[in-house]
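Q: As given, the protein sequences belong to chains Z and D, one line each in that order. With the working numbering applied, the first sequence covers 14 to 523. With the working numbering applied, the second sequence covers 14 to 523.
By construction, these hints were calculated from the structure, which means they are not laboratory data. There could be a bad hint or two in this list.
Identical copies look the same in the list; a pair holds intra-copy or inter-copy alike.
Said to hold, decoys possible - List of simulated lysine to any residue pairs, SDA-like, C-alpha gap at most 25 Å:
(1) 52 - 41
(2) 55 - 385
(3) 195 - 95
(4) 55 - 281
(5) 275 - 153
2 protein chains.
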Amino acid sequence: MVVNNVGKDIPQEYADQFGIYEGELAHINEYQEASRQTKPAKPNDEKLLKSIREAIEKTGVKDGMTISFHHHFREGDYVMNMVLDEIAKMGIKDISIAPSSIANVHEPLIDHIKNGVVTNVTSSGLRDKVGAAISEGIMENPVVIRSHGGRARAIASGDVHIDVAFLGVPSADEYGNANGTKGKATCGSLGYAMIDAKYADQVVAITDTLADYPNTPISIPQTDVDYVVEVDAIGDPEGIAKGATRFTKDPKELIIAQNAAKVITNSPYFKQGFSFQTGTGGSALAVTRYIREQMIESGITASFALGGITNAMTDLLKEGLVEKIIDVQDFDHPSAVSLDENDNHYEIDANMYASPLSKGAVINKLDTAVLSALEVDTDFNVNVITGSDGVLRGASGGHSDTSAACNMSLVISPLVRGRIPTFVDEVNTVVTPGDSVDVIVTEVGIAINPNRQDLIEHFKDLDVPQFTIQELKDQAYNIVDEPDPIEYGDKVVALIEYRDGTLIDAVKNV
Amino acid sequence: MVVNNVGKDIPQEYADQFGIYEGELAHINEYQEASRQTKPAKPNDEKLLKSIREAIEKTGVKDGMTISFHHHFREGDYVMNMVLDEIAKMGIKDISIAPSSIANVHEPLIDHIKNGVVTNVTSSGLRDKVGAAISEGIMENPVVIRSHGGRARAIASGDVHIDVAFLGVPSADEYGNANGTKGKATCGSLGYAMIDAKYADQVVAITDTLADYPNTPISIPQTDVDYVVEVDAIGDPEGIAKGATRFTKDPKELIIAQNAAKVITNSPYFKQGFSFQTGTGGSALAVTRYIREQMIESGITASFALGGITNAMTDLLKEGLVEKIIDVQDFDHPSAVSLDENDNHYEIDANMYASPLSKGAVINKLDTAVLSALEVDTDFNVNVITGSDGVLRGASGGHSDTSAACNMSLVISPLVRGRIPTFVDEVNTVVTPGDSVDVIVTEVGIAINPNRQDLIEHFKDLDVPQFTIQELKDQAYNIVDEPDPIEYGDKVVALIEYRDGTLIDAVKNV
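Can you build the whole structure from these sequences, using the hints too?
A: Below is the structure:
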C-alpha cells in the first residue's frame, strides 16, 4: 500500500503499474505519441459492409483485443449493446472495452462481464445498475476511471491501444466521412469519437443514415475509417437528449447559482473577452442565465464558451454575448442544430478539449469553469464518482481537467442532499484534488481555497457570505448527522486515474 | 545499376535505399504510422515568441535536423527564405529541408546549398534558377522529388521525419489556431501544411495577422502548434496568386480542351454525380468551361470537384453544377474567398487528398482527372519534371497520384512546343508510369492506352480522331526533328520517387 499526494491508499500492485498522484503537473513530460497500424485502402477497395457481424469478422476482433465506443448518444445509444451482443454470439471472450463513458442503457454489459465476454473496462463513468454491479465486484480486474482529458491522454500516449473502434455516427458516406449533425439520430459534436478514429488500428463507422459521397461536414474523415456498416437505427433521439437539463426552479439551487454568478462576474477574469464553461446541471444552467444578465448590464461579451454544450449557451451565441462556442459534446438537440448551422460554433476533439499531454488544450485558455460535486472534503478534494454508500454511480468527465487548467474553478453544491452531507472530513473517493479547486459555492455562501490568497484578497468585499471549508462542513453536519463510515470489502473494483495517468484513488467493493 | 518496371536505370546504392518501382500497387502494405515526439503545453505556458530567431532557438534547430515548409504561398512566399536566412546567420549547417514544393522566389536557397547550410532537399518541384543549379550539380546529395500524395505517405510512414515545421499561416491566434482564409496574405486551403503540423515534433506558426483567441476556422489546431511568431509579412498576395491561369485564347489549346471535354462527357463516367479534377493550366480551365456547357445541356451535376482549385471551379459551385469542392490547395484569390464563404467548399489535407498509404484518399473516388505533360513516350510514361534539355524545372505535384487512382486519367498536351516534340520514344524522366495514363489528348486527336480495352471499345464512335501513341509520336517527329539525346553527366542530382516511395527514375547532372 502506498499513500498518494491526496492521502489515499493505493495498493502496491496498482501503484507500480500506474504510478501514484503526486501533484497536478508532476507527470507532464515530453513523450513519443502512440500511432496506429494502418491498412491502406487501394483505389478500388470498398468499405461498405452488410452487417456488424461482417465488420467484426473483417476487422478480426478476437479474444484479448481492445475495442472502443463513444458516449455521444448517452442514454439513447444502441451501438455498444449491438456490437457486444454480436461479439458474444460469436463466442469471442476476454474483450477489453474502452468507451468514452457508460450509461444506464448499457445494462446488458453486466451479463457480458459475467459471461467472460468483457474482462476489462475503462470509462469516464458508470451509472446505476452497471455501477452497482461493478461495485458488487463482478469483475476480476478493476475498472479504470478516466477523465475526458485523461482518456485522450491515455490513447495518445499508448496506455490505451484500441484495436478496433466501433463508432456510431449519425451520418456517413460509403467511404467513411462522418458527422453528428446530419441523419436520423443527431448528437452534434463527435469530439470523443474523433480521438478513437485517429488512434485505433481499425475503425468501423456504424450509421443509420448513409449519405452520398462526399458526406460533409467531415467530423471523422474517410482517412480514419476502415469499414462502414449501415444499420436500422444507431440510437434513440429521445435518449440522446435525455437528462438534458432544464432551468431549475429549486430555490436552493437558484441561490447557489446566484452566488456562483456573483463570484464569476466580480472576479478579476470577468472582462471583455472572458471565457467560461458552465456545464449541464440545473444550477449550472441558472448560472449561465445570471451571468448573461450581468454581461448585458456590463456590456461585456465572452470570447468563447466551452465544454458540454446546452441550448443555454447556444442562445448566448445567437445573442452575440458569446462570440464562439468550442464544442466537444452536445447535451441537447438545439445544441446539435447550432453546431450544424452556426458558423461560430466549432467542433473539437477530446485531445484539444482537455488532454494534459496535448500541445495545449482549450481548457488551458479558460477563465472559469463551474463544476458539480457529490462530495467535497475539507482539503477541497472532490468526489464525483461514488455515492455516499460507496457505490460507483457518477462520472469523472472533464472535472479534474477543467478545474486544474482554468484560471478559476468553481465547485457548486448544496450543503446537504436529503439526509446526506455533501461536505465531509474526507471524501469517499477523490476524483479532483483540492489543489485544483478554487472556490466552493453553496446556498449559504462560499469558501475560497487558501491556496488562492489572490482571490481571497480580491473577494474581501464580495456580497456573498464567506466561510472556511471547515465551517461549511460544520454547517452541513449541523443540519444532518455525520455519515457512518462505509463498510468496504477487500476487492479493488475501480481505479481512479488522475488526468496524467497516475492513480488518485482506488475504490473497493461494497 | 538496376532497371525498374518502366525501364529506367536506378543506381544500385539508391535502389537499395529506396527500392525500385515495380507497379502501381506493388508496395502498398499495412504499416505502423510514424508519430511525433510531443512537448505538452502546460496551463500557463505561452507560445508567442518575438522573432523567427527566438523560434529557432526555442525549438533547438541544430546541425543535421530536418525542417519543413509548405508551398501554399507559391511565388509569394517569404517564409522559407526568412527562416533559412536566419538559420544561416546563426551558423547552423547540414540542414535537410522538406518543403512541399519550391518556387522561383526561393532562389536564395542556392547560396544556402553552396554554403553548406542546406545539404538535403526533398520537394515536389524545382523551378528555374534553383532547378538549373541543382541540375548543374551543386548538391552532394540528390534532391528527392515526391508527389503530393507521396510526400504525405513519406511523412506518415516516417521516411521523412520533420524535426521542426516552420509554417506560414495567414492568420493565427497566440495559441496556434491557424487558417489560410483570414489575414493579410490569404492562400485559402492549408492542405499541405496540415500534414507537417500533425507529424512534426515541433511546429512554429509564422503569421502576419495575429487574431484573437480562439481564431477560427481552425485548419491547423493549437494542439499541433508549439510556438507562434508574428512577423511583418509572410508573403506577397500578388505572388500567391501569380501564374494563376487565365482562360486560354490559343487556338491549339482550345482544340485540345474541346477534345478532352468530348472524351470526358462521352465517357461512361459522365453521369449524375460524377467527379473530376481539371487542374490549373490554360487548357485545363478551358476543359472545365466545355464540360460546364455539356453539364448544363445534359442536366448533369457533379458530386464533387477536387484538387488545386481555381475560380473556374468555384464558379461551378456557385452555379450548383458542382455540389461540393474538396480543396487541398487554392490557385487564386477567388478560390480562397470561396473556401472562406461557401459551406460546400471543404479543406482537406494532403493525406486525404492523395496518400497511397492512407485509409483511402479522395482521388480513389475520382472519376476523371485532366493532367499536363512536358513529355509523353510511346509507353504512355509521362515526364513533368525535366525539360527537353534535361534540366529540372517542373513539379511532380499530384500527377502520379491522381492518374493512378482515378477511373479515367487524361493527359493533355500539344504534339510539339516550339521546335520540341512532346511525344517521344522515351521520356527523359518518368514521373508517372504509362500504366496510370488512360487517354492522351492532343490537338490532332487522342490515343487510348491499350490497357484500357474497355475505353477503346466505348469510344469507338467518338467524334475525335484516334491514333496509337506511336502514331502521335510520328506526327510530332514529322513536324519537328527528333531531339538529340541529352548529354548527361555522371552525377545523380535528383531521385524521382513514385508515390509508394520506390524510385521510378534518377536524374543526372547536365
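Q: Evaluate residue 275 and residue 153 at a C-alpha cut-off of 25 Å and name the case that applies: within, between, both or neither.
A: neither (48 Å within a copy, 69 Å between copies)
Q: Pop the pair residue 52 and residue 41 into one bin, within, between, both or neither, using alpha-carbon distances up to 25 Å.
A: Cα proximity of residue 52 and residue 41: across copies only (9 Å, versus 32 Å in one copy).
Q: Reference check for the pair residue 55 and residue 281, CA-CA at most 25 Å: within, between, both, or neither?
A: Answer is between: at 21 Å across copies they meet the 25 Å cutoff, but 56 Å inside does not.
Q: How do residue 55 and residue 385 come out at 25 Å by Cα distance, when the copy is not named: within, between, both, or neither?
A: Result: close only across copies, 24 Å inter versus 49 Å intra.
Q: Quick one: residue 195 to residue 95, C-alpha cut-off 25 Å, is that within a copy, between copies, both, or neither?
A: within (22 Å within a copy, 45 Å between copies)
Checked against the numbered hints listed earlier, the structure breaks hint 5 alone; every other hint is satisfied.
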